[in-house]
Amino acid sequence: MKVNERGEHFVQSLERGLLVIRAFSEEEPELTLSDVARRTGLTRAAARRFLLTLCDLGYVRSDGKRFALTPRVLELGYAFLSSLSLPEIAEPHLERLAAEVRESSSVSVLDGDEIVYVGRVPTSRIMRVSINVGTRFPAYATSMGRVLLASLPPADLDAYLERADLRALTARTITDAAALRAELDRIRTQGWALVDQELEEGLRSVAVPVRGREGGVVAAVNVSAHASRATPEAVRKTLLPPLLATAARIESDLKDVGTPQARAYH
567 MKVNERGEHF
577 VQSLERGLLV
587 IRAFSEEEPE
597 LTLSDVARRT
607 GLTRAAARRF
617 LLTLCDLGYV
627 RSDGKRFALT
637 PRVLELGYAF
647 LSSLSLPEIA
657 EPHLERLAAE
667 VRESSSVSVL
677 DGDEIVYVGR
687 VPTSRIMRVS
697 INVGTRFPAY
707 ATSMGRVLLA
717 SLPPADLDAY
727 LERADLRALT
737 ARTITDAAAL
747 RAELDRIRTQ
757 GWALVDQELE
767 EGLRSVAVPV
777 RGREGGVVAA
787 VNVSAHASRA
797 TPEAVRKTLL
807 PPLLATAARI
817 ESDLKDVGTP
827 QARAYH
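Following my numbering, the numbering of the sequence shown begins with 567 at its first residue and continues without gaps.
What the hints contain is simulated information worked out from the structure, not anything from laboratory work. Values in this document were obtained by computation on a predicted structure and should not be read as measured data. There's no promise every hint is true.
To be verified - Pairwise CB distance ranges, derived in the manner of DEER restraints:
(1) Glu661 x Pro719: 27 to 37 Å
(2) Gly768 x His575: 41 to 51 Å
(3) Pro720 x Glu581: 27 to 37 Å
(4) Asp731 x Gly573: 19 to 29 Å
(5) Ala734 x Arg702: 13 to 23 Å
(6) Ser628 x Glu593: 41 to 51 Å
(7) Gln756 x Arg632: 45 to 55 Å
(8) Gly573 x Pro658: 40 to 50 Å
No residue lacks a Cβ here, since even glycine has one placed at the ideal position from N, Cα and C.
Build out the structure end to end from the sequences listed, making use of the hints.
Written out as structure tokens, the structure reads:
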């Protein structure tokens with residue numbers, strides 16, 4: 567998209583600087599200048615200027631050949647997270663839930679077409695990738711994502727289904743837009759979502775919505791377990807009831823303090 571299509575206010579250099587930061591990932595925490603240029607679509611000269619500027623500001627370090635983010639980058643996200651009531655309110659409830667069911671519990675919000683974890687209490691490593699605050703997954707293949715998608719206004723959901731790239735992450739992943747819509751309709755009616763090994767083989771998770779002060783869905787909370795420990799029926803019978811109770815307690819606390827920040831997610 568061209569700058570003038572975004573408005574006169576748009577600062578392209580800021581966009582490019584953020585692209586450079588986002589070029590780094592858990593899989594490739596260190597990149598060469600060529601790597602950054604390729605990932606961002608910038609010229610080598612432009613990528614070099616941005617990287618050196620970020621080095622001067624303390625957000626990037628370099629050994630002369632390879633570049634990596636520094637812990638200072640965390641300040642960018644911390645300013646956002648520290649202003650939220652949701653993570654700090656949810657955390658003790660997630661801890662209580664995880665201790666009760668002896669499975670990992672999380673809370674996430676919808677950001678574009680992905681979910682972002684804003685709170686998590688792990689009990690064991692059940693996925694190939696580690697999950698932390700800030701971890702993102704495609705909404706369509708996750709229990710929390712489906713709960714959040716099901717809460718979207720009809721026009722927003724239509725737009726999502728038109729643009730979503732529904733890739734098969736496992737042999738079980740729903741990749742048909744009509745089938746996903748039908749599943750979201752069912753989730754909206756029943757009030758919870760169960761995803762059985764669609765994000766990763768061996769992973770089952772169940773999620774429910776968290777509603778804010780005005781009744782809108784502002785987040786989702788889930789419990790995830792390895793398929794060897796929990797059949798779909800066991801998930802419904804033993805994990806869903808305490809999960810619903812946890813969501814209700816989080817909602818109660820959110821209403822007590824007000825949820826201006828949480829409402830901004832929806």
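Status of each hint after checking the structure:
no.	hint	verdict
1	Glu661 x Pro719: 27 to 37 Å	33 Å, holds
2	Gly768 x His575: 41 to 51 Å	47 Å, holds
3	Pro720 x Glu581: 27 to 37 Å	31 Å, holds
4	Asp731 x Gly573: 19 to 29 Å	27 Å, holds
5	Ala734 x Arg702: 13 to 23 Å	19 Å, holds
6	Ser628 x Glu593: 41 to 51 Å	19 Å, violated
7	Gln756 x Arg632: 45 to 55 Å	50 Å, holds
8	Gly573 x Pro658: 40 to 50 Å	43 Å, holds
Violated hints amount to a single one, hint 6; each of the other numbered hints is respected by the structure.
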